[in-house]
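Student: Following the hints, complete the assembly by docking chain B onto the known chain A.
Number of protein chains: 2
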Amino acid sequence: MLEAIFAPQSVAVLGASPNPARLGHEVFKNIVKNGYQGQIYPIHPTATSVLDIPAYPSVLDVPDPIDLAVIVIPVDHVIEAVDECGRKGIKGLIIITAGFKEVGGEGKERERRLLETVQRYDMRMVGPNCLGVIDTISKLNATFAALMPNDGEIAFMSQSGALCTAILDWSKESGIGFSRFVSLGNKADVDEVALLRAWNDDPHSKVILAYLEGINNGPGFIAAARQVTKNTPVVAIKSGATAAGTKAVSSHTGSLTGSESAYEAAFSQSGIIRARSMEELFDCALAFAYQPPMPGNRVAIVTNAGGPGIIATDAIERSGWVKMAEFNAETIQRLQRDLPPTANVFNPVDVIGDARSDRYRVAIDAVLDDPNVDAVLVLLTPQAQSDLPETSEVIIELSAKHSKPVLTSFMGAYSLGPALELLNRNRIPNYPFPERAVTALMAMARHRDWQQQPAVEYAEFDVDRERVRQLFAEMRAADRVELGEIEAREVMQAYGMRLPQSRLARSPDEAAQIATELGFPVVMKISSPDILHKSDIGGVRVGVADAAGVRDTYELIEYRARKYSPDARVWGILVQEMVRKGRELLVGVSRDPQFGPLVAVGMGGIYVEVLRDVAFRLAPISKQEVAAQIRSIRTFPLLRGVRGEPPADLESIEEVVLRVSQLVTDFPEIVEMDINPLVVHNRGEGAIVLDARIILQA
Amino acid sequence: MLEAIFAPQSVAVLGASPNPARLGHEVFKNIVKNGYQGQIYPIHPTATSVLDIPAYPSVLDVPDPIDLAVIVIPVDHVIEAVDECGRKGIKGLIIITAGFKEVGGEGKERERRLLETVQRYDMRMVGPNCLGVIDTISKLNATFAALMPNDGEIAFMSQSGALCTAILDWSKESGIGFSRFVSLGNKADVDEVALLRAWNDDPHSKVILAYLEGINNGPGFIAAARQVTKNTPVVAIKSGATAAGTKAVSSHTGSLTGSESAYEAAFSQSGIIRARSMEELFDCALAFAYQPPMPGNRVAIVTNAGGPGIIATDAIERSGWVKMAEFNAETIQRLQRDLPPTANVFNPVDVIGDARSDRYRVAIDAVLDDPNVDAVLVLLTPQAQSDLPETSEVIIELSAKHSKPVLTSFMGAYSLGPALELLNRNRIPNYPFPERAVTALMAMARHRDWQQQPAVEYAEFDVDRERVRQLFAEMRAADRVELGEIEAREVMQAYGMRLPQSRLARSPDEAAQIATELGFPVVMKISSPDILHKSDIGGVRVGVADAAGVRDTYELIEYRARKYSPDARVWGILVQEMVRKGRELLVGVSRDPQFGPLVAVGMGGIYVEVLRDVAFRLAPISKQEVAAQIRSIRTFPLLRGVRGEPPADLESIEEVVLRVSQLVTDFPEIVEMDINPLVVHNRGEGAIVLDARIILQA
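Protein chains in written order, with the numbering used here: chain A, 1 to 698; chain B, 1 to 698.
Isolated chain A, as found in the complex:
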């Protein structure tokens, strides 16, 4: 997939200029000078050759077939040139030229026409308004960047072209390499979803990195990411997360930015590891690219210094994803036998400040052999006795012998040069401070956890979809967007939620009869299409305890209705089951512009209002996801039961959330919805929707 872009047999550069001051010259030179082995055609209106390669005035003049066209010409000629590319049968486009959606106004329209042209010829396009594409496997550098990165196994995509140049510059110094390197630009056609699909099972990439500012197609992104993360770790930084950051995004690329909660949910539901900073992004990348997967989450530390050992131990304990390994007896014995008596043979293993590489060998080999150890972090502070390159050699050798990740934190810089170069050349990731190595281990553990999760299952409840469809059609016909209480009840019922039972009585005796059947106490409410605020006129009574009370209350409410709203139509009085007290939850839905329906669950009342203790997932929600969602709220212990209380009926909560998920997936016109409260009783006793609110798209 996207072969024409990443591995073309031939490339034309439109705008390849003999003038070294032009961007097109730069791009052309990058393709020529970096080892690309395919055919290269400079396209220029007047030049006969560029860099000694014969030039053509148009792609249509090139006698041989062309796979990829890189376009670096003035914006006014782009669409015409793309049309020629289409006619030529070119399949891939990289459009570096700017002046499209990002400038607004006519640029937007121009981008629309560009995309139309691209699609008419069934081509695929990166850009416009981008730095270009680098592929180190085909040795294609179709960018105007000053540098060609080293070969490597990191695939990188970025919505910021400037960031690409900074990363190339940085990688050149640190020796880190890339397999693919894509500046997405305006991503009119090829976007993050297309790249995730193209890079799924890519044998050349061990990790995918993404710098994202916005996502166009949320559900597509989740689907693609879910698939690729089962094989390849994806680490992403999502920028523009805060309100001010979002403002900066808008002025920058004009991309619509989804809400923070939606992104959090999307990343968590699709196994993407979210980096909190650029540094973290690359720290994680290095571990994934260089080291084998982590078989478990138990880490051994080997150090020549106590302080850094404690720092790393703290970081591991805090991480929540990895933990300190506990060595078996054999390992302890080996370490006691082969290390000096002052060494600490428990984790963190302290080989003491005067350790040379032989002592590191003993310790690292022993802990790598231990089946209770899943990864090793080697710490080193340069001491007078340290033999640095030799210690690197030992680590390289032992790491090759075992299939567990080995990471290092050689702390310092001045005297470490050759030792660090050895480590990097031999794919041992080194971090200048131990906390950063732990962050990378954490990412590895998270990825492993995600990969081990069983395939998600979706519940499919037997619901009365047709009834809701009809109701919504009537709402639309009446130009209404907010459902009334009885309508919302109907939707809830159609989707199988439990509601308090209720029946309409038309006389005191009938009311008493209904109440006896429902069971006492009951709630009684005036039923009238003309009385909106029932409580205000005394039209609602709760806790009516017996038949006599029901008869009295019927007459009282009826009397009040006649007195205070003499013209209102009164249909009768609703007699409703009085729901026992239980734990009150909120199940809410909002619709994210990129990702669609976002379902929130939390304890109701002050917990959600004051503590904002809710967990979000994007619908459709799987059975596994809803279980994790409910367990992730801080107040979950209240549902599990504290102080000897019995647990709440968690299965019922899960079912309500899944039914809501099904409802909002079936009806995209629901833009907002709240079940508040959902009264949840003890385990086995169910949950009842006391009140619901639904708002449809205007």
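The hints are simulated quantities; they were obtained by calculation from the structure and are not laboratory data.
No false leads were slipped in.
Simulated restraints, written as ranges between beta carbons of each label pair:
#	chain 1	residue 1	chain 2	residue 2	range
1	A	P219	B	G296	42 to 48 Å
2	B	A627	A	Q470	57 to 63 Å
3	B	Q453	A	G496	54 to 60 Å
DSS-like mimics (lysine-lysine), calculated; alpha carbons at most 30 Å apart, straight line:
#	chain 1	residue 1	chain 2	residue 2
4	A	K563	A	K534
5	A	K230	A	K401
6	A	K172	B	K172
7	A	K581	B	K581
8	A	K108	A	K88
9	B	K139	B	K33
The C-beta atom is built at its ideal place from N, Cα and C for all residues, glycine as well.
Tutor: Below, chain B alone, put in the same frame as chain A:
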């Protein structure tokens, strides 16, 4: 203070050996070769000279006075040598030799005797078991480290010697300099408190950094830190924070580690900025050392790339301490006039990818001139058109012109070398990623906030200290540690807390009389020294509503007491005011081994049990601190009032906490105490201690 250690006129090195393989040789060479201008005396049992400097067998043989002795001799001779130093009138000691407290057993006793000797002669000592001390002002390098750091304005202390060597190695590469550099070792005498005092108002240090594993003298540390942080920022990393980390600390230096909450409270109450990682420690140090203080918290960003601008904006918004500046009209006009039309003239200012240094000049100068800007963060990604060293020059020039902090994040590495060197040489802190620059700005803003806080005031309530003293004396005499209900009430009363009113009735009529005076309803409880579990025999009734009920209840309770405990002495029946419902809080005290009494406040019940929503401060607590403490709990909105509720009586809560603070400060024998619940009524209506528990030191 500590002049003899940091600025001695003369130094003797005990163990200075002519043999280059010995540590003493290394230390001696470091003193000789790094520019120290005072007198230097090698002390060696047999050598006549070391590095061509005449040697003496003992300090007592040196004819001239000596200020400082550096001791690198076998551990068995250290105490004797120190005694000689004392007799010689030496005032400062640096003991590098190991084999003391850190090895346990006899080492502990040896350290005790060492300290005794040091104190007998009124000397001050760094170590034992340390790397030594470096002072770049007096050019004294009294360590066995391989490197002498650059001159600089960072004072650094570390409880890990190995970390010191790593930091020296790293600083040498990055060009960062130090004023003082101390390896604390076992800190038998000179500890973090002594150094904070010595470095208070040090004209050579603009920032103090500390790597700490444990603190010996909590209150002393807080007092010293409070004083020094009013002038000089202190950034610290506290290691061994997690349980496993603490285990690693114990096996490492044997220092007692205080609880995490106590450290958090201590740092926050003394203005110390806590770094979360080694990297952050130095990122903050650089900003403090190189740049002027921040006059406010509003940051302007100037960037040549949108992506990094968004990343930095996000980081600023998330920080909670700094925010994005809003430019005044003049700045906007200037930027509009002088930047190209495609530039973004709002914050973050985007000078566009093809910006050269002139465009950076326009933008940086304009935002630095704006009174709404307190600091500037300049971002740069290397682009084809970038003129890197020139841009550095512009930043250096403009930074010198204004007295606001200017930080940079030039992203990349390969092509940045000369530009970065210029920045560092001219004291512009550069960070490879923008998030790290924002962390440094955050620290600057926190320090400013701390400096601007008014001096703390302590409340001094008029209490009956003598009554409590006597009660505790009786407890001790009776070998009891846990106070009973009546005793705890007495302590509460002596310290001025409000308790439910209660009086003992000896007849049904007297009970009715008391109840009428207290106001109905009342609580009635059997009063007997022999009946411990009053409720079990039906000896407690709540909500007794009127005089008749009180008379009936008196007789009922008395009857039950006679029936179920016929031998019990019955003093009568306690008639107690029934406290109105209110918000329930917990005020608790535990005693931290390093820092003393730690006072916790939180909403009671599930908030504290399930959500662990409590805030801690160390006693004595000031008026300002208690206000911040109460406002820092997550459930504070419940106290302020939600859903139209009136606010709780915050002043009463503060007063109770302050009275508790006074109590536990007056009586260090209180090891644990709980007021639970403290029932707090609405504003102006007070707070009542319903139940209290006090446990004394066994």
